[in-house]
Structure formats: C-alpha cells, structure tokens
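Peer 1: All chains, please: the whole structure from these sequences, using the hints.
Quick note, the sequences are listed as chains A and B, same order. Residue numbering for the first sequence follows this note's numbering, beginning at 1 and increasing consecutively. Residue numbering for the second sequence follows this note's numbering, beginning at 299 and increasing consecutively.
Some hints could be false.
Stated by the list, open to error - Which residues of chain A face chain B? A few of them, derived with a C-beta cut under 8 Å, are:
(1) 8
(2) 203
(3) 204
(4) 289
None of these hints come from the bench; they were simulated from the model. In this text, all values refer to a predicted model and were calculated from it rather than measured experimentally. Ideal Cβ positions, reconstructed from N, Cα and C, are used throughout, including at glycine.
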Amino acid sequence: MKAWWVHVQYAWRTVFRRWAEAPFGHALTVLGLGVSLILLAVLFMALMGAQRVVDGLPAQGAVLVYANPHASDADRQQLSAQIDVLPKLARKQFISRAAALSELTQKLSLGEMAHQLPDNPLPDTWVLTPSVLDVTLIQQWTQTLTALPAVMLVQSDTVWVGQLRALVNTGRHVVLLLAGLLALGLVSIFGLAVRLQIVARLPEIDVSRMIGATDHFIARPFLYFGLLEGLLAGLVAVFGVWLLTVDMLPRLDVLLRYEGQTSLIVLPSLQMQAVFVLASALLGWLGAWLAVRQALWR
Amino acid sequence: MIRFEEVSKHYSGGKDILQGVNLSLEQGEMVVVTGQSGAGKTTLLKLMAALERPSHGSVWLNEQNIGHLRRSAVPWLRRNIGFVFQDHRLLFDRDVLGNVLLPLEVAGFGRKDALARARAALDKVGLLDREKSRPVALSGGEQQRLCIARAVATRPPLILADEPTGNLDREYANSILDMLVNFNRQGTTVVIASHDADTVTTKHRTVRIHRGKLT
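Peer 2: So, in structure tokens, the structure goes:
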C-alpha cells in the first residue's frame with residue numbers, strides 16, 4: 001500500500017514535470033480538445049432547448065371540427081352523437097356560430113360592421129381534445145368525422161406537434177451519434193498525444209524496465225497525463241460554454257425566443273457541468289490507456 | 299548466489315552466443331568475466347538479470363530458476379540488481395540527482411528516504427556537489443560514476459557492470475574499478491564484464507569466455 005502510494009505520488013510528480021517541460025504545447029493541445037468539446041456541449045444544449053420548447057407545447061393538442069352551415073338537424077345530431085363515441089376523447093367544447101361571431105366582433109372591434117353582414121359567415125365549431133397525443137388516433141378521428149355530411153372541415157394542430165416531437169427525437173439520435181463520433185475522435189487525439197510522449201520517453205522506459213519497473217509503474221504517468229489533459233479540456237469546454245451562454249448566445253436568443261416560452265439557451269446545471277468534465281477526463285484516460293496498451297503492453 | 303547449469307543461448311537464424319556454460323558465483327564474490335568482443339560476456343550478464351532467457355539449461359539466482367520466472371515477477375528480481383552500463387544509459391532530461399532517484403522511485407522508497415539514499419550514493423562516487431547538473435555537463439568518467447551511483451542507490455546485493463571502463467582513460471578506469479571493489483568489500487556481489495586485459499589485474503576471480511564457452 002505504501003509503495004503504491006509512493007508510485008502514485010511519483011506518477012503525478014512526473015506528470016507535472018513533463019507538463020512543465022513543454023507547457024505551451026500541452027496548453028495548445030488542451031485548448032484544441034476543449035474547443036472540440038464546446039461543439040459537443042453546444043449541440044447538447046441546442047437539443048435540450050428544442051426539447052424544452054416541445055415540452056412547453058400543449059400536451060394533447062386540439063382538433064377543430066367545423067360544421068356545414070347548410071347541414072340538416074338530423075346530420076348535426078349524427079355528428080354530435082359520433083363525437084360522443086370518439087375513442088380517447090378527453091374533452092369537447094361546442095362553440096356556436098353566434099358565439100363565435102360575437103367573440104370575433106369583440107376581439108377585432110368590428111362593432112356595427114358585423115351587424116351589417118347579411119348572414120353569419122362562421123360555422124358551428126367543436127373543439128375536441130384527445131387524452132393522448134397520438135397521430136394515428138387523430139388521423140382516425142379526422143377520417144371518421146370528415147365522412148359525415150354535417151362536417152365541413154376538420155383541422156388539427158396535434159399532427160404538427162407530434163411531428164415536432166418526432167423531429168426532436170430524431171435530433172436527439174443524431175446528436176448522440178455525433179457525440180459518439182466526436183468522443184471517438186477525442187479519444188484518438190488524446191491517444192495520439194500520449195503516444196507521442198511514449199515515443200519521446202523510450203530511453204527512460206527502457207532504463208526503467210532494466211532497473212525493475214513494472215508495466216504499471218511505467219504506464220501510470222501516461223494514464224494520469226491523459227486523465228489530466230481530459231480534465232483540463234473539460235474545464236476549458238465548460239468555461240467556453242459559460243462564455244457563450246452568458247455573453248453571446250442571449251443575443252441570438254432574442255431572435256430565437258419562443259413566444260411566451262422559456263429561453264432556448266440555458267446554462268447546464270452544475271451537476272451536468274461536473275458530469276461533462278468527468279466524462280472528458282475519462283475520455284482522456286481512455287485515449288491514454290489505448291496508447292499505452294498499444295505501445296507498452298504488446 | 300548465481301548458478302549457470304549447461305546454459306546455451308542462441309538467437310533464431312544466428313550463431314550460438316553461449317554454449318553449455320556452467321558457472322557458480324558465491325555471495326560477496328567479485329568476478330571479472332573477460333573475453334573478446336562478441337565472446338558472449340554481455341549475454342552472460344543479461345541472463346543473470348533475466349534480460350534474456352536461456353535457450354537451454356537453467357540460470358539460478360538465490361535458488362530461483364530465473365529462466366522460468368513469470369513476466370510479472372521479473373521486475374521484482376531486477377530491483378535486487380544494480381546495473382552499470384558501458385554507454386551509461388543516463389536520462390538527459392533529468393539532473394544528476396533525478397537519475398539516481400529513478401531506481402529508488404521504482405523500488406517504492408518514500409520521497410525523503412529516496413533523497414537521503416540518492417545523496418548518499420552520489421557522495422560515495424564523489425558527485426554530491428553536482429546533483430543539480432545535467433548529465434550532459436559531466437565528463438565521461440563522471441557519467442560512469444553517476445551510472446554507478448544509480449546502480450548502488452538501492453543497495454542491491456548484486457551489481458552487474460558491463461564494460462564499465464570501456465570508454466575511459468586509465469586513470470578514470472582505475473577509479474571506477476576501485477569503487478566497484480569498495481562496494482564488493484562491503485558485501486555486494488560484483489560481476490564485471492570486460493574485454494580490457496588490464497581489468498583482470500585485480501586480485502579477484504577471473505572467468506574467461508571464448509566463442510560462447512568458458513575456458
């Protein structure tokens with residue numbers, strides 16, 4: 001245990017000594033990796049923003065059924081009866097054509113102009129709310145209702161809400177795929193940086209082996225180096241994201257802000273930031289491990 | 299302490315470097331292995347440190363057949379051996395003290411203890427006042443003394459020195475040999491491989507090797 005702790009201390013001293021030997025070069029590597037991680041973080045933030053927008057939309061949506069003004073009473077009764085038996089109907093609201101005209105007159109301040117109309121041009125309307133957001137169900141409702149003679153038009157905002165949700169889900173998959181590819185690229189770059197170090201340290205490795213160094217003793221500083229570079233790159237990325245969020249993105253956010261909704265761009269929570277930095281450190285360690293395994297443990 | 303039993307060594311496609319070597323070294327002995335270049339002296343030393351494995355026969359170190367050691371056990375064996383190389387194998391990106399610290403770090407000595415032992419080793423070879431220097435700033439003789447300090451820092455029971463005086467003038471060579479003799483007097487087993495006939499003028503046991511065979 002004591003020897004292990006001595007070796008750990010030695011490994012960290014070695015890491016800092018190597019860092020101090022070429023601080024500018026290592027700082028540039030970390031900066032480059034950090035910028036790559038910023039791209040990844042911004043992708044995730046954009047996705048989270050889109051998710052928030054979708055979450056802010058009405059969960060069920062609504063289906064509007066406009067009645068044919070010339071429909072007979074029997075047809076209207078048939079329509080009303082049909083609406084009552086629609087599957088998964090959560091709520092229905094009837095707006096008579098008279099009520100609709102009155103509301104429109106008030107909203108648009110039409111005043112006397114509305115009374116000058118020869119006839120009320122608005123149809124009777126039902127606002128139907130499904131209990132679940134299911135595009136197939138809405139299509140089924142639309143088909144059933146459109147076939148009735150009393151129905152002039154069926155409109156639904158549910159379909160595009162569903163499509164938007166599907167789009168965000170697809171976006172999530174695309175972002176995850178991109179994140180995976182980017183992580184793979186980062187592991188390669190971390191690995192390459194460590195491999196270059198290994199090549200530069202071959203004489204030291206050779207001598208160390210001859211005087212009794214184990215593979216773990218030799219590998220440890222390289223692994224810790226990868227871990228440190230990953231950690232620092234993660235911190236650079238978090239700082240970059242903070243800078244973008246606090247300074248630049250709010251300017252864009254004014255353009256992007258969804259009506260009455262929360263902001264599209266929000267700084268990730270501290271917990272998320274910590275996870276991000278740790279994940280970056282892990283990528284650094286993984287890259288170093290692959291390089292060490294390939295170079296030393298063959 | 300060390301025993302070779304019918305040891306042969308050959309590389310694939312090459313000639314036999316050692317052929318049927320039988321040799322026994324007692325603890326505290328000082329042995330000089332002499333022979334021309336290519337006679338097999340270095341291979342003999344490498345076999346003692348498990349840097350090579352015999353093609354045939356057995357090499358025993360402290361009653362342990364080191365030819366059959368697991369790969370993971372080899373580093374522990376080497377920690378009991380101090381190496382002195384003809385080409386020094388110093389690390390030029392470390393200072394003098396850093397070079398001597400390396401085997402102590404490998405062996406797991408604490409920082410304070412390691413520093414004390416490293417400075418004691420440098421003191422023995424007369425380089426304590428150069429601890430902050432880089433090896434490149436040392437002369438050939440000083441570099442070899444540094445190599446000896448690194449070899450003895452952990453106070454190993456066995457020192458293997460491969461052509462330790464090879465590149466040095468007579469005065470420096472004698473001082474290096476004196477140091478090795480001194481370590482031997484303190485109980486360390488020392489094996490020196492040398493092609494230099496003058497090395498064998500010491501009063502210690504000499505083993506001659508010619509074309510892979512002991513003569």
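Peer 1: For which of the previously enumerated hints does the structure constitute a violation, in increasing order of number?
Peer 2: The structure conflicts with hints 1 and 4, although it agrees with all the remaining ones.
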